Amino acid sequence: MTTYQFFTTAWRWNSTLLLFCALALVGYFLAFRRRGRPAYVGAALVVFLFALISPVNALADGYLFSAHMVQHILLVLIVPALLLLSLPRSFALPRPLTAFTHPFMGWIAGVGAMWLWHAPALCNAATTSRTVSAIQTTSLLLMGSVFWWQVLAPHDAERLSPAAGIVYLFTACTACSILGIILTFAPVSICSVYQHPVDRLGMLGTIRGSWGLTSERDQQIGGLLMWVPMCLIYLTAILAQLARWHSDPVPQTEESNA
Amino acid sequence: MNAATATATLATVLDPAERGHHRLAWLSTVDHKRIAILYLLTGLFFFVIGGLEALLMRLQLAVPNNHFLQPDTYNQLFTMHGTTMIFLVVMPLSFGLVNYFLPLQIGARDMAFPRLNALGFWLVPFGGILLHFSVLAGGAPAVGWFSYTPLSETPYSSTLGVDYWAVALFVLGIGSISFAINTIATVISRRAPGMTMRRLPLFTWINFVNAFIIILALPVLNAGLAMLLIDRQLEGHFFLPFHGGSAVLWQHIFWAFGHPEVYIMVLPAFGIVSEVIPVFSRKPIFGYEFVAGSTVAIAILSMSVWGHHMFTVGMGRAADSFFAITSLLIAIPTGVKVLSWTATMLGGRIRFDVPMLCCIAFLIQFLCAGITGISHAVVPLDWQTKNSYFLIAHFHFVVAGGILFALMAGVQYWFPKMSGRMLSERLGKWAFWLMVLGFNMTFIIQHFLGLYGMPRRVFTYPDLPHWAWMNMLSTAGAFFMAAASLILVWNLVVSFFRGKIAGDNPWNAWTLEWATTSPPPHENFDALPPIRSRRPLWDIANPDRPDPVVGKDTSEIESPDKNKVGILTFILSEAGFFAVLLLAYLFFYARPQPGPGPRELAVERTLVFSLCLFASSFTFWRSEIALSKRHRGSMLGWLALTIALGGVFLIGQGIEYWKLFQTGVDVSTNLFATTFFTLTGFHGLHVLFGLVALLIFLWLAWQGDFALGRVSAFAAAGYYWHFVDIVWVFVLLTVYILPLLR
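Residue numbers (numbering that gives the first Met the number 0), protein chains in the order written: chain Z, 0 to 257; chain C, 0 to 741.
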């Protein structure tokens, strides 16, 4: 299969996912009506669908570790962040869920989502088994949401203070960078499924040949994706914290009570 | 300036009561202002040495096929020149200015930990002496300031030069880290009422951020140096390829430190420029928030761009592309700063005094340095120019054209405050223009030399077209720089004795250091002005149109406990150190070598002894509770138990080592043994230091020192002890548990 054929045909129109997204959208409008921020929820669903039905998903499904990493980053960092941003200011978290709003919990969830799913056994299982893959997707979204809650909760009072937020984000960035560095420089394959893919789509020749992605280089790109672009996402969030800190004193008074 | 005049000079600024023992007064001082002067004088002294080394090299290169210096001497000179200028000139000079003016700018009486401050300073001359002692011990290091392996390993550098180099840098690294801890603790917990974090002068803010880079980057170097020393002294195998080691690993470790180091040197310069340009443009800085925020962006990005030093190593196209992108990105926050400075000057009533002239030269030259720097982010171009004089020209534009000019600006801007006297403008302008002329003569032409193909690190060159006159021009320029430096030093000395009396605020500046006498009294301030904005002295001088109040209009500030801040930052640096050792262990674990491996280790026994260590964290916590309830006996008991448990753990480690030695396994056996003993050995050392600290506390408590229930220092020791236990969790998981999962 050529590259062009691949990118035009490898879209997997998964009806369950589409239905789920449609229901989520309807639910969102029913719950928040005019108070919602539809742009964010729309963006979240588009990114979510892109991660799971586009050729990225086809590549992540056993071909390329780096494609899996793109998917991973979108699901754990981008989609949950957009979802939290879509919540109206008046949104109140249901009481049982407030157990997840401790900063320590958030940090562990964010960093754990990276480390846990890259343990060789889990990484392989998530690629080979549909059930594990579904669990992975769900858990990434949940853990990502718990992580971002500290920074993007709808109420200023529920967020960390800017200084604490910077520490929170920077340490998380460091912890993920270390994993990225390990993946980049590891002389062995971390997720061995990707070493000898089952060539379901007849793409392997193109990937290894004209794309020039050997399994070593593929893992290296995966590691670098976790290390560099992910750090840039955290860095953006850190700069947003600084902007919040330097903004006018009105929100400051709220924060000091937080 | 010889020693006798130096001491006499310094004696004049002593209190009358101290004149009788002035030598000791300076040697034993813990006053931040005096320590700062010592830093500055040490930096100046090594600047002369490093400068002479540069002149010798330029003389050798003045004409083709020269035999003025031996090749090996030349190699020693460029190694010593680089190491000296970075670690013994730029860092001490900027640390000196920070040490003097950061506490003054925030209205503090001193640094948070005055004695730690003195330690940090005295490690500089100690490190300098260690480095230069190598000359007597068989020859200075001749491997470049980056000391690439395997050239710096015993088979290729058999004299002690590299060992002295490594130990010296280790010592200097500890000094820098202690300085950074002190800076952070000072800013966080020693600010005057009203000086909120948002009102910090930019010099203080930038150096506060810079301290974090130091905390995170220097331990990486120190871990690398420890590994290099283990290779050289104990026949380890970290960086020796023929025993499975990785020479490229050294480059990764070195540049993971080395690139942040560039920012460690340049951020203080940014801080100085951000103070001087507004004052001499008579305008507040344009975009304070952007200058402050871009500093944070630079700090974080600086940690993930080191790969651009290694494009020529062959990391592969994937890694090259990512590092190229981050290297290009870092130009954005730097560009934001340059924009802010130029916009500050725009429309200002600029006064062209010498400090301002230096800053303008800095701006132009640093911009050139930045543009050639960006060009090195482009991988193919980098391949062509990396090992040529183009690169030499680039980084001298950064270090000399940028940092040195900013330091000149800083020293001349603040000299009136430090000495109470003005510098001579006439001599200052001579020195400035000679320096501009000399610097540009020396280094602009080197760009073209590099493009004409002259490689770096060569002691001489053939008589190819144009090379001879270009090199001669460059050498001539170096002598202009030397002349400028002489005039600068002469100006400092003469003005110190005969300069015009400066008064409190000769430049009409706005930050707090100008609100006290010149030089400031021992306790810095008699009374502080109210602080409601970033320019308190402007507000006093212009009561009818003060700056808008920054943040809430209150003088309340939070000042957390300095012991807690200090120990937490120290732990941060230690975590960096252990992270490097752990990563190195994992890196070699992933490709096992023949010989002993993790299966030789006694997992069950170690688990039992580990439990003792973990239990000691619990007992320490009990002891802390007892202290807060003032149960002296119970506190002593729990503390003694903590020490006993820590001791038992060390005995367990001793047994492990003994059994391994019995079967003939030691550091030099293979890479597993090298990494294992390094990682667990350093952890053991930390446990040992922790035990010594706890024993001191036990003794103090026994003497009744904690009868008043002062828990802060005790809690700080506790943080450290818990940290050592947490490190062991990671070591245990990596070394003992991970192999079981395979």
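Honestly, the hints are just simulated from the structure, not real lab data. Just so you know, these numbers come straight off a predicted model, no measurement behind them. Watch out, some of these pointers could steer you wrong.
What follows is a list of derived Cβ distance ranges for each label pair [what the hints assert, rightly or not]: (1) Phe-478(C) - Ile-232(Z): 24 to 34 Å; (2) Ile-370(C) - Ile-232(Z): 22 to 32 Å; (3) Ala-330(C) - Gly-211(Z): 27 to 37 Å; (4) Pro-186(Z) - Gly-143(C): 41 to 51 Å; (5) Leu-84(Z) - Trp-620(C): 33 to 43 Å; (6) Leu-231(Z) - Gly-143(C): 49 to 59 Å; (7) Ile-232(Z) - Val-607(C): 57 to 67 Å.
Where is the CB? At the ideal position from N, CA and C, for every residue including glycine.
Quiz item: What hints, given by number in increasing order, does this structure fail?
Solution: 1, 4, 6 and 7
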